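2 protein chains.
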Amino acid sequence: MKLQLALDLVNIQEAKELIREVEEHIDIIEIGTPVIKIEGLKAVTEIKEAFPNLLVLADLKTMDAAAYEVQKASEAKADIVTVLGVAEDESIKGAVAEAKKQGKQVLVDLIAVKDIETRAKELDAFGVDYICVHTGYDLQAVGKNSFADLQTIKGVVKHAKTAIAGGIKLETLPEVISVKPDLVIVGGGIANQDDKKAVAAKMQAMIQQR
Amino acid sequence: MKLQLALDLVNIQEAKELIREVEEHIDIIEIGTPVIKIEGLKAVTEIKEAFPNLLVLADLKTMDAAAYEVQKASEAKADIVTVLGVAEDESIKGAVAEAKKQGKQVLVDLIAVKDIETRAKELDAFGVDYICVHTGYDLQAVGKNSFADLQTIKGVVKHAKTAIAGGIKLETLPEVISVKPDLVIVGGGIANQDDKKAVAAKMQAMIQQR
Numbered sequence: 001m002k003l004q005l006a007l008d009l010v011n012i013q014e015a016k017e018l019i020r021e022v023e024e025h026i027d028i029i030e031i032g033t034p035v036i037k038i039e040g041l042k043a044v045t046e047i048k049e050a051f052p053n054l055l056v057l058a059d060l061k062t063m064d065a066a067a068y069e070v071q072k073a074s075e076a077k078a079d080i081v082t083v084l085g086v087a088e089d090e091s092i093k094g095a096v097a098e099a100k101k102q103g104k105q106v107l108v109d110l111i112a113v114k115d116i117e118t119r120a121k122e123l124d125a126f127g128v129d130y131i132c133v134h135t136g137y138d139l140q141a142v143g144k145n146s147f148a149d150l151q152t153i154k155g156v157v158k159h160a161k162t163a164i165a166g167g168i169k170l171e172t173l174p175e176v177i178s179v180k181p182d183l184v185i186v187g188g189g190i191a192n193q194d195d196k197k198a199v200a201a202k203m204q205a206m207i208q209q210r
Numbered sequence: 001m002k003l004q005l006a007l008d009l010v011n012i013q014e015a016k017e018l019i020r021e022v023e024e025h026i027d028i029i030e031i032g033t034p035v036i037k038i039e040g041l042k043a044v045t046e047i048k049e050a051f052p053n054l055l056v057l058a059d060l061k062t063m064d065a066a067a068y069e070v071q072k073a074s075e076a077k078a079d080i081v082t083v084l085g086v087a088e089d090e091s092i093k094g095a096v097a098e099a100k101k102q103g104k105q106v107l108v109d110l111i112a113v114k115d116i117e118t119r120a121k122e123l124d125a126f127g128v129d130y131i132c133v134h135t136g137y138d139l140q141a142v143g144k145n146s147f148a149d150l151q152t153i154k155g156v157v158k159h160a161k162t163a164i165a166g167g168i169k170l171e172t173l174p175e176v177i178s179v180k181p182d183l184v185i186v187g188g189g190i191a192n193q194d195d196k197k198a199v200a201a202k203m204q205a206m207i208q209q210r
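Protein chains in written order, with full-length UniProt numbering: chain C, 1 to 210; chain P, 1 to 210.
Hint data in this document are derived by calculation from the structure and do not stem from the laboratory. It should be emphasised that the depicted structure is a prediction, and the values quoted were computed from it without experimental measurement. Just so you know, not all the hints are guaranteed correct.
To be verified - Taking lysine-lysine and the PhoX-like style, the derived pairs with C-alpha atoms no more than 20 Å apart in a straight line are: (1) 42(C) x 42(P); (2) 114(P) x 121(C); (3) 114(C) x 93(P); (4) 161(P) x 144(C); (5) 114(C) x 114(P); (6) 93(P) x 42(P); (7) 93(C) x 42(P); (8) 144(P) x 93(C).
Kindly produce the complete structure, drawing on both the sequences and the hints.
See the structure below:
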């Protein structure tokens with residue numbers, strides 16, 4: 001089980017300071033969608049160059065022109081690129097083919113997918129690397145989470161790794177870990193805490209016990 | 001009926017040259033999704049500052065954190081921001097509320113929406129400014145278009161303006177115009193032609209007859 005820190009800091013300097021504080025406790029650093037839209041893919045390149053030992057995920061949430069976006073993220077030194085599960089099958093397949101060509105990985109984000117079980121099975125057959133249940137900001141704001149969805153995809157996904165994102169905190173991590181995802185994605189649960197390093201270290205310890 | 005030119009040029013200088021060539025024949029200039037992801041929102045700001053008399057649409061294809069993305073695009077001087085029709089209702093409503101606050105407009109892109117008719121009715125009730133049928137690159141590549149979808153939404157949308165995008169060329173424009181959308185979005189149909197200005201002028205003339 002791996003730990004990913006989702007970064008929403010637009011200021012690259014502040015982002016680097018945060019990562020430096022927690023880097024020994026995380027496996028993957030995520031450059032968030034709004035960061036990429038505001039700053040461009042250079043945000044991905046700068047973080048990867050500063051932290052070559054961490055995997056960097058570019059949260060592109062690709063919806064179309066998928067092979068092109070994966071190619072551009074790959075050129076920007078991303079290791080993993082996200083594609084939306086609600087995208088057309090052709091787009092998902094195009095992203096997977098381009099990622100394989102570039103030696104990169106695809107994480108499909110199930111945000112706003114209505115039939116999680118059916119879509120997860122289809123995505124698994126397309127050969128994606130990760131399938132991620134995700135309650136976005138706008139639904140977290142009305143009290144939703146993705147713990148039940150993680151159970152659902154764990155029951156049907158045979159090949160891909162499973163991931164979960166959206167509002168996970170130290171207090172809710174045990175419930176998440178009990179379902180045994182391959183990847184746990186945490187944003188504010190680390191980044192908005194007073195002692196970020198201590199929280200990241202505790203999360204890492206809990207995750208490594210599984 | 002208005003004409004929008006969708007720009008996929010990452011090089012801002014080349015983009016400006018293209019716009020200068022056709023600006024008197026178009027109403028709205030679209031900064032494409034990959035351009036924003038590669039260059040950041042500064043691409044929107046630079047084009048708006050160079051062409052203050054054109055409306056600028058930022059094709060963010062927002063999926064989550066919608067109010068925040070609309071706010072940032074607004075700060076970057078976009079006049080219109082796109083949100084995905086497959087996004088959660090909470091996201092669409094958040095985008096509409098923020099756009100109203102900022103004096104901007106929201107175009108909802110129906111790309112990959114399965115039940116176009118039902119979703120168009122819902123979006124119309126949410127108070128979005130434009131509802132756009134759209135066959136993306138990855139489905140254009142397998143021969144699809146959105147002409148029938150435009151008929152469908154014209155039959156149910158009462159308040160929002162209607163738009164169509166995806167592979168429209170001079171030869172197919174009459175068929176599109178016959179359905180009377182409020183906005184026609186053209187990319188390669190202008191940008192990839194030898195005489196861009198002549199094609200844009202012809203399209204404008206055809207559109208203004210309606």
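For each hint, the structure was consulted:
no.	hint	in the structure
1	42(C) x 42(P)	13 Å, holds
2	114(P) x 121(C)	18 Å, holds
3	114(C) x 93(P)	18 Å, holds
4	161(P) x 144(C)	32 Å, violated
5	114(C) x 114(P)	11 Å, holds
6	93(P) x 42(P)	26 Å, violated
7	93(C) x 42(P)	31 Å, violated
8	144(P) x 93(C)	17 Å, holds
The structure is inconsistent with the numbered hints 4, 6, 7, although it conforms to all the rest.
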